[in-house]
Amino acid sequence: MTPRWKFWLIGGLVIAVLAAAIYFPILRRRVKRAAKLQQQSEEQARRELTQPIAINPGDPRVKTKLFWASDTIESTLVPVTVELPLSNDPVMRSKQVLNTLLAGPVDAELRTLPPDALLLAFYLLPDGTAIADFSEALATSIPSGIVSEQLAVNSIARTLEANVPQVQRLKILIHGQEVETLAGHLDLAEAFVVNTKPAQPSVKPAPAQSSTDKPATPASDKAPAPAPGPLTADKPPGKLAQPERKP
Amino acid sequence: MVSPSQAPSQTQQPAAGTPPAASPPATSPPGGVAGSGGSAFGAQAQQAGLNIVVLDPAHGGTDPGARGTGGIRESEIVLDFVIQVRRALELQGFQVVQTRQGNENPSFDDRSATANAQRGAVFVTLHISSTGLPGTARVYVNSDLPPVGDSNGLIPWDRAQAPFLGLSRTFGDLVQGYLTQRFKGSPDAAQTASVRQLRTTAAPAIAVEVSSVTVEDRADLDRMAPGVADAIARGAAAFKPSYVVPNTRGALP
Numbered sequence: 001m002t003p004r005w006k007f008w009l010i011g012g013l014v015i016a017v018l019a020a021a022i023y024f025p026i027l028r029r030r031v032k033r034a035a036k037l038q039q040q041s042e043e044q045a046r047r048e049l050t051q052p053i054a055i056n057p058g059d060p061r062v063k064t065k066l067f068w069a070s071d072t073i074e075s076t077l078v079p080v081t082v083e084l085p086l087s088n089d090p091v092m093r094s095k096q097v098l099n100t101l102l103a104g105p106v107d108a109e110l111r112t113l114p115p116d117a118l119l120l121a122f123y124l125l126p127d128g129t130a131i132a133d134f135s136e137a138l139a140t141s142i143p144s145g146i147v148s149e150q151l152a153v154n155s156i157a158r159t160l161e162a163n164v165p166q167v168q169r170l171k172i173l174i175h176g177q178e179v180e181t182l183a184g185h186l187d188l189a190e191a192f193v194v195n196t197k198p199a200q201p202s203v204k205p206a207p208a209q210s211s212t213d214k215p216a217t218p219a220s221d222k223a224p225a226p227a228p229g230p231l232t233a234d235k236p237p238g239k240l241a242q243p244e245r246k247p
Numbered sequence: 248m249v250s251p252s253q254a255p256s257q258t259q260q261p262a263a264g265t266p267p268a269a270s271p272p273a274t275s276p277p278g279g280v281a282g283s284g285g286s287a288f289g290a291q292a293q294q295a296g297l298n299i300v301v302l303d304p305a306h307g308g309t310d311p312g313a314r315g316t317g318g319i320r321e322s323e324i325v326l327d328f329v330i331q332v333r334r335a336l337e338l339q340g341f342q343v344v345q346t347r348q349g350n351e352n353p354s355f356d357d358r359s360a361t362a363n364a365q366r367g368a369v370f371v372t373l374h375i376s377s378t379g380l381p382g383t384a385r386v387y388v389n390s391d392l393p394p395v396g397d398s399n400g401l402i403p404w405d406r407a408q409a410p411f412l413g414l415s416r417t418f419g420d421l422v423q424g425y426l427t428q429r430f431k432g433s434p435d436a437a438q439t440a441s442v443r444q445l446r447t448t449a450a451p452a453i454a455v456e457v458s459s460v461t462v463e464d465r466a467d468l469d470r471m472a473p474g475v476a477d478a479i480a481r482g483a484a485a486f487k488p489s490y491v492v493p494n495t496r497g498a499l500p
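Protein sequence lines, in the order shown, are assigned to chains A and B.
1 is the number of the first residue of the first sequence in my numbering; add one for each residue after it.
248 is the number of the first residue of the second sequence in my numbering; add one for each residue after it.
Just so you know, these hints were derived from the structure itself, not from any lab.
Hints should not be assumed to be uniformly reliable.
[Claimed, not checked] Simulated restraints on C-beta separations:
id : chain 1 : residue 1 : chain 2 : residue 2 : range
1  : A       : Q177      : B       : D464      : 34 to 44 Å
2  : A       : E178      : B       : P393      : 15 to 25 Å
3  : B       : P393      : A       : R33       : 49 to 59 Å
4  : B       : P393      : A       : T140      : 26 to 36 Å
Since the model is a prediction, treat every value here as computed from it, not as a measurement.
No residue lacks a Cβ here, since even glycine has one placed at the ideal position from N, Cα and C.
Please model the entire structure based on the sequences and the hints provided.
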């Protein structure tokens with residue numbers, strides 16, 4: 001190799017190294033930015049999918065019963081009455097009450113569902129079977145045990161029973177999938193009976209309140225009396241309803 | 248595993264101090280299938296009694312069950328409990344079969360299969376909860392299931408518990424009664440819940456859940472083990488006279 005060729009070869013290599021040194025940080029920044037954008041769009045998509053159903057102030061205000069844990073009787077539920085503007089559409093209404101239930105009471109100790117659990121989707125079949133699809137957190141973050149799992153499912157079923165008469169049965173999915181148990185104990189293979197009474201076409205709205213009224217909160221409107229008896233399958237209305245054949 | 252044919256003679260009497268025997272269960276469940284106690288096999292079927300208790304320490308293997316802040320793992324504690332329950336049952340004359348001996352995690356169906364392979368057995372699955380009033384114990388029986396109405400004499404696997412719900416309730420109430428005597432604050436009667444493990448078990452079956460892994464000291468739970476063991480053994484002994492098992496495999500109670 002002549003000295004002239006050596007010069008050009010070394011020069012070319014030096015230029016390539018310099019170009020790489022300049023370009024590499026730029027490339028790294030671009031990759032990071034792309035990853036961040038992807039993350040943001042996933043988060044955005046998740047937010048859009050799981051966005052709590054907006055409360056329409058034009059909807060009639062309805063006395064809504066939400067079932068959270070009792071602070072006086074261990075492992076039982078109590079109805080907490082709040083006034084919410086609820087849709088007359090049973091699917092929308094179910095989403096509204098379940099999202100309020102998931103948001104939890106003021107006293108976090110009385111939660112029945114994990115704070116990070118989300119309602120991903122809700123469907124109502126013509127035969128009255130509701131399909132509620134929750135995020136994985138419902139199964140992974142709930143305290144393991146028959147008591148706690150039963151309390152969680154009962155709070156969902158009884159809240160639907162009290163507020164959405166069109167829901168006759170409830171099938172729970174986790175992240176779109178059928179699962180055997182909620183967290184190792186409670187059987188989710190079957191649908192739970194929610195309402196045995198025929199559905200009412202509509203629910204009477206509560207009397208209108210002036211805008212100066214104190215807004216209702218779960219804690220301030222807590223009903224004094226606990227729901228009668230422990231939650232068992234054969235003690236209506238608190239039953240963890242009997243499973244049925246798979247829909 | 249114990250073969251039913253190796254069962255001891257049925258002369259065992261309920262322990263002293265046991266409550267009066269529960270009233271005999273219904274002879275046939277609603278919609279009972281052909282082959283149930285009094286139909287297909289009729290008077291020719293010899294009757295056998297309860298002689299085997301299948302104990303199921305829940306969870307195990309990669310599934311630790313409930314976990315306490317102090318490192319308490321449900322799967323380990325229930326295995327320790329089972330040792331004491333087994334001893335108490337053997338003192339009452341029962342043979343004991345366990346669904347797991349060590350840190351394995353058989354599936355729900357495998358555990359049920361262990362029980363369903365026995366005849367004249369009852370099934371007890373043991374759990375420690377994450378919540379509930381510490382120092383109490385609850386008995387669960389399965390929620391109502393659609394009756395088995397098939398005419399082919401077979402019990403559907405996924406509803407195997409259905410014909411035994413009445414017996415399970417009787418057995419559960421007896422065990423709960425003894426537990427409540429020992430552990431104040433426990434319910435007076437067995438509760439119902441859709442417990443997955445019970446649904447596929449073709450025998451009188453209960454879940455016993457002790458509260459809870461939230462105790463600061465594991466010794467608090469260990470101290471409950473003898474009382475839980477005694478309650479289950481006495482409950483099984485008291486239940487024994489009310490459980491007459493047809494001598495024909497596959498026949499319903």
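Tell me, in ascending order, the numbers of any earlier hints that this structure violates. The structure conflicts with no hint, since it agrees with every one listed earlier.
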